[in-house]
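Chain by chain, the residues run as shown.
Protein chains: 2
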Amino acid sequence: MTTALLTDHYELTMLQAALADGTAHRHSVFELFARRLPTGRRYGVVAGTGRLLDALEDFRFDPDTVAWLRERGVVDDTTCDWLADYRFTGDVWGYPEGELYFPASPVLVVEGTFAEAVVLETLFLSVLNHDSAIASAAARMVGAADGRPCIEMGSRRTHERAAVAAARAAYVAGFATTSNLEAGRTHGIPTAGTSAHSFTLLHDTERDAFTAQVASLGTGTTLLVDTYDIEEAVRTGIDVAGPGLGAIRIDSGDLPSLARRVREQLDGLGATATRIVVTSDLDEHAIAGLAAAPVDGYGVGTSLVTGSGAPTSGFVYKLVARADDGDALVPVAKKSADKASVGGRKWALRRRSATGTAQAEVVGIGAPPHDDGDDRSLLVPFVEGGTRVHHDTLDDARARHAAAIAELPAAAHKLSAGEPVLETIFER
Amino acid sequence: MTTALLTDHYELTMLQAALADGTAHRHSVFELFARRLPTGRRYGVVAGTGRLLDALEDFRFDPDTVAWLRERGVVDDTTCDWLADYRFTGDVWGYPEGELYFPASPVLVVEGTFAEAVVLETLFLSVLNHDSAIASAAARMVGAADGRPCIEMGSRRTHERAAVAAARAAYVAGFATTSNLEAGRTHGIPTAGTSAHSFTLLHDTERDAFTAQVASLGTGTTLLVDTYDIEEAVRTGIDVAGPGLGAIRIDSGDLPSLARRVREQLDGLGATATRIVVTSDLDEHAIAGLAAAPVDGYGVGTSLVTGSGAPTSGFVYKLVARADDGDALVPVAKKSADKASVGGRKWALRRRSATGTAQAEVVGIGAPPHDDGDDRSLLVPFVEGGTRVHHDTLDDARARHAAAIAELPAAAHKLSAGEPVLETIFER
Numbered sequence: 001m002t003t004a005l006l007t008d009h010y011e012l013t014m015l016q017a018a019l020a021d022g023t024a025h026r027h028s029v030f031e032l033f034a035r036r037l038p039t040g041r042r043y044g045v046v047a048g049t050g051r052l053l054d055a056l057e058d059f060r061f062d063p064d065t066v067a068w069l070r071e072r073g074v075v076d077d078t079t080c081d082w083l084a085d086y087r088f089t090g091d092v093w094g095y096p097e098g099e100l101y102f103p104a105s106p107v108l109v110v111e112g113t114f115a116e117a118v119v120l121e122t123l124f125l126s127v128l129n130h131d132s133a134i135a136s137a138a139a140r141m142v143g144a145a146d147g148r149p150c151i152e153m154g155s156r157r158t159h160e161r162a163a164v165a166a167a168r169a170a171y172v173a174g175f176a177t178t179s180n181l182e183a184g185r186t187h188g189i190p191t192a193g194t195s196a197h198s199f200t201l202l203h204d205t206e207r208d209a210f211t212a213q214v215a216s217l218g219t220g221t222t223l224l225v226d227t228y229d230i231e232e233a234v235r236t237g238i239d240v241a242g243p244g245l246g247a248i249r250i251d252s253g254d255l256p257s258l259a260r261r262v263r264e265q266l267d268g269l270g271a272t273a274t275r276i277v278v279t280s281d282l283d284e285h286a287i288a289g290l291a292a293a294p295v296d297g298y299g300v301g302t303s304l305v306t307g308s309g310a311p312t313s314g315f316v317y318k319l320v321a322r323a324d325d326g327d328a329l330v331p332v333a334k335k336s337a338d339k340a341s342v343g344g345r346k347w348a349l350r351r352r353s354a355t356g357t358a359q360a361e362v363v364g365i366g367a368p369p370h371d372d373g374d375d376r377s378l379l380v381p382f383v384e385g386g387t388r389v390h391h392d393t394l395d396d397a398r399a400r401h402a403a404a405i406a407e408l409p410a411a412a413h414k415l416s417a418g419e420p421v422l423e424t425i426f427e428r
Numbered sequence: 001m002t003t004a005l006l007t008d009h010y011e012l013t014m015l016q017a018a019l020a021d022g023t024a025h026r027h028s029v030f031e032l033f034a035r036r037l038p039t040g041r042r043y044g045v046v047a048g049t050g051r052l053l054d055a056l057e058d059f060r061f062d063p064d065t066v067a068w069l070r071e072r073g074v075v076d077d078t079t080c081d082w083l084a085d086y087r088f089t090g091d092v093w094g095y096p097e098g099e100l101y102f103p104a105s106p107v108l109v110v111e112g113t114f115a116e117a118v119v120l121e122t123l124f125l126s127v128l129n130h131d132s133a134i135a136s137a138a139a140r141m142v143g144a145a146d147g148r149p150c151i152e153m154g155s156r157r158t159h160e161r162a163a164v165a166a167a168r169a170a171y172v173a174g175f176a177t178t179s180n181l182e183a184g185r186t187h188g189i190p191t192a193g194t195s196a197h198s199f200t201l202l203h204d205t206e207r208d209a210f211t212a213q214v215a216s217l218g219t220g221t222t223l224l225v226d227t228y229d230i231e232e233a234v235r236t237g238i239d240v241a242g243p244g245l246g247a248i249r250i251d252s253g254d255l256p257s258l259a260r261r262v263r264e265q266l267d268g269l270g271a272t273a274t275r276i277v278v279t280s281d282l283d284e285h286a287i288a289g290l291a292a293a294p295v296d297g298y299g300v301g302t303s304l305v306t307g308s309g310a311p312t313s314g315f316v317y318k319l320v321a322r323a324d325d326g327d328a329l330v331p332v333a334k335k336s337a338d339k340a341s342v343g344g345r346k347w348a349l350r351r352r353s354a355t356g357t358a359q360a361e362v363v364g365i366g367a368p369p370h371d372d373g374d375d376r377s378l379l380v381p382f383v384e385g386g387t388r389v390h391h392d393t394l395d396d397a398r399a400r401h402a403a404a405i406a407e408l409p410a411a412a413h414k415l416s417a418g419e420p421v422l423e424t425i426f427e428r
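Keeping their order, the protein sequence lines are chains A and B.
In case it helps, our numbering puts the first sequence at residues 1 to 428.
In case it helps, our numbering puts the second sequence at residues 1 to 428.
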């Protein structure tokens, strides 16, 4: 399926007008960045890069697509003909997936003719705005869980295809598993799940349901114990499965106190290795509030897939430089007071102390400074002359993310609202 | 592309266990409803029905899908074999698209064997939770715009495929156009757009840019005037296009005062018919705040595609009745204090006064009351014996939505936080 129409109408009308006066062929640099982090956030997490590069490969105006544009009169024949031959032949650099970003970090830099770069605006923004919002929320949850596994189970609360991307982004940020089977197939993410309340209600008794589940899925399964009375369900569960039951799940009520009572009850029944998984509208704050409770895993749904209050990242895609008639690259920027941007093609590095702690996000124009060995350069090549040169796996991104988080000063892990943990410094 | 894996892992493990003990074949009724509206909202808008019915038709476990489930050991061979033959053969009723809903409205009722209905849970929830959240936000914006057109332009701020669905949902709720070209192709929604700041910055001068745009797109185009200085841009725009210029767009600054100044300036230049379109992080409150300003259209992005603070609808999908061994239908419900539900297959009607004003949402179990002519029955058949019988167009949904909104008491249109405008009454 082509991704070429996941594009705003105005990109093609701009293209038409620029083809007509010849400026479409001016060499241009577009930059994707966030003016600010979502309110109160300490850092952002880049996710979606792999999907973005896949989507770029599928960005083709095939005959059906061109026919539709022509028939609907979206753009003129000259533009339709140009689009029919569209191939991106430029360069793309970016912060690799899993990396952290801060206000004004040049998360993606796209260089080519105006024509070939302008039409990618909406697609690139959609992918990165969504996936990074999810990963940024997920990273806070993983931090709050402090080593206990987080299970992604929010598919039902978001668009059915966004759900697959959300599972992927959560995995980049350290989630252990997802409930989403398509995320398992498409992205190789481990999937997990056992049963819902409907399974218990389907049966004449809770004991019948637990017996059926254990018989079919084994004693390692997770029994959901809050359909009727939790204490009775735990007793029944251990009676049916024996003390080797894998886990129980609690999906309602006051989770910290319930977890303690159930832990005591399980231990009293000899089920000392039976894990307790909690779900029920958890977010990073609820997870942190369960740190002292005997909980072995967190299932997170709604708050994950909606970015826990920040469902989009606020990335914009701006022309920052373009050639003049003499092919010299001219920095350009909008002047509006509340939406100003900085012109010019950027470099970016994370300034680090000699002991490896991140100290600042440094962004500049022109030649990057000599790397003294402590700092870390952030932009890597994704596409060179139209050819994709970046093929990181999800596990690469996951490892990179863990390393980038480990570099941050301790204040990064505060869940309370505050300023970005690193200041962005412009050097010119 | 199959939709069958847009499904949570646990649906298939439940299926496996229920196939093993025979309960999978018990006749069952699932209900999709919201326990509450998003905080402060007066009503909700159902959207996504058409997409849901399309997705149901594509819900097939094709050989590749079954092979993946088998290879990954998601479920056992018996279950894989059953899934390979999967066809939904049951019945679905629901609130048709565009209709309003309230807490506990039975928005969708799915009846069939447990096996065939349980596997649809995640897909159905994903579609309706997303699309209804967008439509519910869009309806408030359309109401606040009070007849002025709203333009959907949020694609870049949400997942690239969710963007297409968001444009569709906004159209159901009364938006005039979308920027999203795929929404134009897939759903036939009118698309619109002209140019961005990058087009102005591409050119050596703003005059060059406007000249190129007007030459290519005609004097009816919309010029974006806030790249540098708005007053100068308006003067240049009229100088280039003449007083017949279609529209100008302002995307930053204090919009009410800017709109007034620009209107005066345009009128002074003889451009009395040139429209003023405003964009820049608008939501329903900002739109309402512009009611007295000389504005001719609102472009809405981020707040629309993120549901204006409520990015998901909170719909759940619950087993409410199932057969016992004797095939009698038994109402069932979870007992948990904070997540209780009401068992039994429901009917639903909107109680209306003799003058046609909606007064209450009435939901009951058993035989529906005799319709006195004022009330309106809400559930319509979507699928009968596995065959889709509902084929409403988007324009049908749009007209239905407008009619349902017109029925509401005036308090529905308050944008301030409050209670649902209709009380939901249970009758048994």
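Each hint should be verified, as a subset may be incorrect.
It does not matter which identical chain is used: a pair holds within one copy or between any two.
List time: in silico DMTMM-like cross-link candidates among lysine to aspartate or glutamate, alpha-carbon distance up to 20 angstroms [stated by the list, open to error]:
| hint | residue 1 | residue 2 |
| --- | --- | --- |
| 1 | 334 | 204 |
| 2 | 334 | 232 |
| 3 | 334 | 111 |
| 4 | 334 | 231 |
Hints in this document: simulated from the structure, not taken from any laboratory.
For each hint, the structure was consulted:
no.	hint	verdict
1	334 with 204	between (67 angstroms within a copy, 13 angstroms between copies)
2	334 with 232	between (65 angstroms within a copy, 15 angstroms between copies)
3	334 with 111	within (19 angstroms within a copy, 57 angstroms between copies)
4	334 with 231	between (63 angstroms within a copy, 15 angstroms between copies)
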